[in-house]
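Colleague: Below, each chain spelled out in residue letters.
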Amino acid sequence: DQQVKQNSPSLSVQEGRISILNCDYTNSMFDYFLWYKKYPAEGPTFLISISSIKDKNEDGRFTVFLNKSAKHLSLHIVPSQPGDSAVYFCAASARQAGTALIFGKGTTLSVSS
Amino acid sequence: DSGVTQTPKHLITATGQRVTLRCSPRSGDLSVYWYQQSLDQGLQFLIQYYNGEERAKGNILERFSAQQFPDLHSELNLSSLELGDSALYFCASSMGLAGGLSTDTQYFGPGTRLTVL
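As they're listed, the protein sequences go chains B and A.
Residue 1 is where the first sequence starts when you use the numbering used here, and the numbers rise one by one after that.
Residue 1 is where the second sequence starts when you use the numbering used here, and the numbers rise one by one after that.
Mixed in with the good hints, there may be bad ones.
As the list claims (entries may be wrong) - Partial pick of chain A residues on the chain B-facing surface, computed with a CB cut under 7 Å:
#1 28
#2 42
#3 61
#4 64
#5 87
#6 108
As the list claims (entries may be wrong) - DSBU-like mimics (lysine-lysine), calculated; alpha carbons at most 30 Å apart, straight line:
#7 B:38 - A:57
#8 A:9 - B:56
#9 B:38 - B:54
#10 B:5 - B:54
#11 B:5 - A:57
#12 B:54 - A:57
#13 B:68 - B:54
#14 B:68 - B:38
#15 A:9 - B:38
#16 A:9 - B:71
#17 B:71 - A:57
#18 B:71 - B:38
#19 B:5 - B:56
#20 B:105 - B:71
#21 B:68 - A:57
Just so you know, these hints were derived from the structure itself, not from any lab.
For each residue, glycine too, the CB sits at the ideal point set by N, CA and C.
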């Protein structure tokens, strides 16, 4: 059973517009969430994280929103750039239990110019 | 460049064989993690080592084993290889805050692509 789900395998956006990547989780013990970006032939790169005590965290063009009641988080990229085209992975862990990161299957973002 | 290095980059071998993948963490990082990414799958956590000791175990097969050495580099050993073991294997490292709990940011290496023929 997938504990972290990224239901959209792909997303296409025009340059300059907003990209919204979604992630749902089922384990209510999760209290730490991260987004990673991955280019082909490279390892995942950390983008941004959020603790469950917050509902928003911002870093430049990237903002992560957390809705604990809906067990849903999203990554907003504004404005989207062609260099943002990559696979984005959502990950979660339960810090109190000391669990490892559980990753979703990823969403491929394509930003066209 | 994350600072995590993995060797080799590519590995082609036959079923039944044994291989060793190597990972050097970022300078100063105490925790090392191993992940497997198969086709169309997300990253599956295999195992974590913290300062030389096994800290957490995920979906790691009994045919697979790992260790972390005193210089903090880690090796993942895969034996009796099967076709289904073909995948990308990633190593990640983190500072190892809070006694090695996997809550601090993990930095990934470029991966080793294993092909079993």
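Colleague: Work down the list of hints and note, for each, if the structure agrees.
Modeller: Structure-based check of all given hints:
1. 28: 16 Å, violated
2. 42: 4 Å, holds
3. 61: This interface hint is violated because 16 Å lies over the 7 Å limit.
4. 64: 15 Å, violated
5. 87: With a closest approach of 14 Å, the residue 87 of chain A hint is violated.
6. 108: 3 Å, holds
7. B:38 - A:57: With Cα atoms ~24 Å apart, residue 38 of chain B and residue 57 of chain A stay inside 30 Å; holds.
8. A:9 - B:56: Not OK: residue 9 of chain A and residue 56 of chain B at ~37 Å, beyond 30 Å, violated.
9. B:38 - B:54: 25 Å, holds
10. B:5 - B:54: 21 Å, holds
11. B:5 - A:57: 21 Å, holds
12. B:54 - A:57: 29 Å, holds
13. B:68 - B:54: Distance of about 9 Å is within 30 Å: holds.
14. B:68 - B:38: 26 Å, holds
15. A:9 - B:38: 17 Å, holds
16. A:9 - B:71: Given pair residue 9 of chain A, residue 71 of chain B is violated - Cα atoms ~37 Å apart, limit 30 Å.
17. B:71 - A:57: Holds. Residue 71 of chain B to residue 57 of chain A sits at ~25 Å (cutoff 30 Å).
18. B:71 - B:38: Roughly 24 Å between the alpha carbons, so the hint for residue 71 of chain B and residue 38 of chain B holds.
19. B:5 - B:56: 20 Å, holds
20. B:105 - B:71: 17 Å, holds
21. B:68 - A:57: 27 Å, holds
In this structure, the earlier hints numbered 1, 3, 4, 5, 8, 16 are contradicted, and the remaining ones agree with it.
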